[in-house]
Amino acid sequence: MSFTRRNLLLMAAAIGIAAGPATAHAADVLNVGAYPTNPPFEYKNESGTFEGFEVDIVNEAAKRIGMTTDIADLGFQALFAATTSKRIDVAISSITITAERLKSQSFTQPYYDSDMGIATKADSPISKEADLKGKVVGVLSGSTGETWVKDHQQADGFSDVKGYDTQQNLLLDLSAGRIDAAVSDIPGMQYSFKKMKDLVVKERIKTGEQYGLMMTKDHPLLGKLNDALTAMKKDGTLAAIHKKWFDSDAPADSSTVKEMPLPKA
Numbered sequence: 145m146s147f148t149r150r151n152l153l154l155m156a157a158a159i160g161i162a163a164g165p166a167t168a169h170a171a172d173v174l175n176v177g178a179y180p181t182n183p184p185f186e187y188k189n190e191s192g193t194f195e196g197f198e199v200d201i202v203n204e205a206a207k208r209i210g211m212t213t214d215i216a217d218l219g220f221q222a223l224f225a226a227t228t229s230k231r232i233d234v235a236i237s238s239i240t241i242t243a244e245r246l247k248s249q250s251f252t253q254p255y256y257d258s259d260m261g262i263a264t265k266a267d268s269p270i271s272k273e274a275d276l277k278g279k280v281v282g283v284l285s286g287s288t289g290e291t292w293v294k295d296h297q298q299a300d301g302f303s304d305v306k307g308y309d310t311q312q313n314l315l316l317d318l319s320a321g322r323i324d325a326a327v328s329d330i331p332g333m334q335y336s337f338k339k340m341k342d343l344v345v346k347e348r349i350k351t352g353e354q355y356g357l358m359m360t361k362d363h364p365l366l367g368k369l370n371d372a373l374t375a376m377k378k379d380g381t382l383a384a385i386h387k388k389w390f391d392s393d394a395p396a397d398s399s400t401v402k403e404m405p406l407p408k409a
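FYI, in my numbering the residues of the sequence shown are 145 to 409.
I should point out that these hints are in silico values taken from the structure, not numbers from a laboratory.
Virtual Cβ for every residue (Gly too), placed ideally from N, Cα, C.
Watch out, some of these pointers could steer you wrong.
[Stated by the list, open to error] Heads up, simulated BS3-like pairs for lysine-lysine below, C-alpha to C-alpha not over 30 Å straight-line: (1) Lys265 with Lys277; (2) Lys361 with Lys338; (3) Lys350 with Lys230.
[As the list claims (entries may be wrong)] Pair by pair, the computed Cβ-Cβ distance ranges are: (4) Arg208 with Ser285: 31 to 41 Å; (5) Ala216 with Leu406: 41 to 51 Å; (6) Arg231 with Lys402: 26 to 36 Å; (7) Ala216 with Ala274: 37 to 47 Å; (8) Lys341 with Leu406: 36 to 46 Å; (9) Lys247 with Gly210: 24 to 34 Å.
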């Protein structure tokens, strides 16, 4: 009896010793959620590893505050629940900073400026917003594109709005003619259209959208990651990451280059 108890105590101690370093290591890990099919911002390569513009940004920012990243594959809508529930610390996926989102989430300063666009098949007679009357418009569910389309549906007379769980499925249906147009962020669509050459952006929708790292509301690391982004802008690291993924220099007055204020609700 005493022998068994002694062994149990030794085993418990051993487990505690083994758990110590693992727990300490976990404290140095930034848990990140990402939408896996959003090139060039984030996507999984053939080996299943995340790559992309925002992947480089979050990895570098984490490194500068003494952390590593663990990036989880999540659907776009699931990212919001994951930060709210504290399952992850940070979400990346070209997430626009909005007043509505700031009610339940926190964002770092922006690092990318974007507009939305109306995309169609290249030979479609649709050329502008007014041509969407009576048409079926596709959007990525939970995106600012969906918000814009639903806000304009009645006035512009869209016959239907169809939501998709992935950008890939949205654009595949557009290519197949199952929807007449798609409204989404221009950079992601233009990147996809390098391969999907039958699709084009017909009209730019000026929205003034900006992307930032989305975090759990008032996350204790918000300030540190924001400071890391400031340092990356000042030393040219963010501009270099932009050049790597977009093969162009970021505009001098863009949020990729300029230090910006921390967004407030």
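Determine which of the earlier numbered hints do not hold for this structure and return their numbers in increasing order.
2, 3, 5
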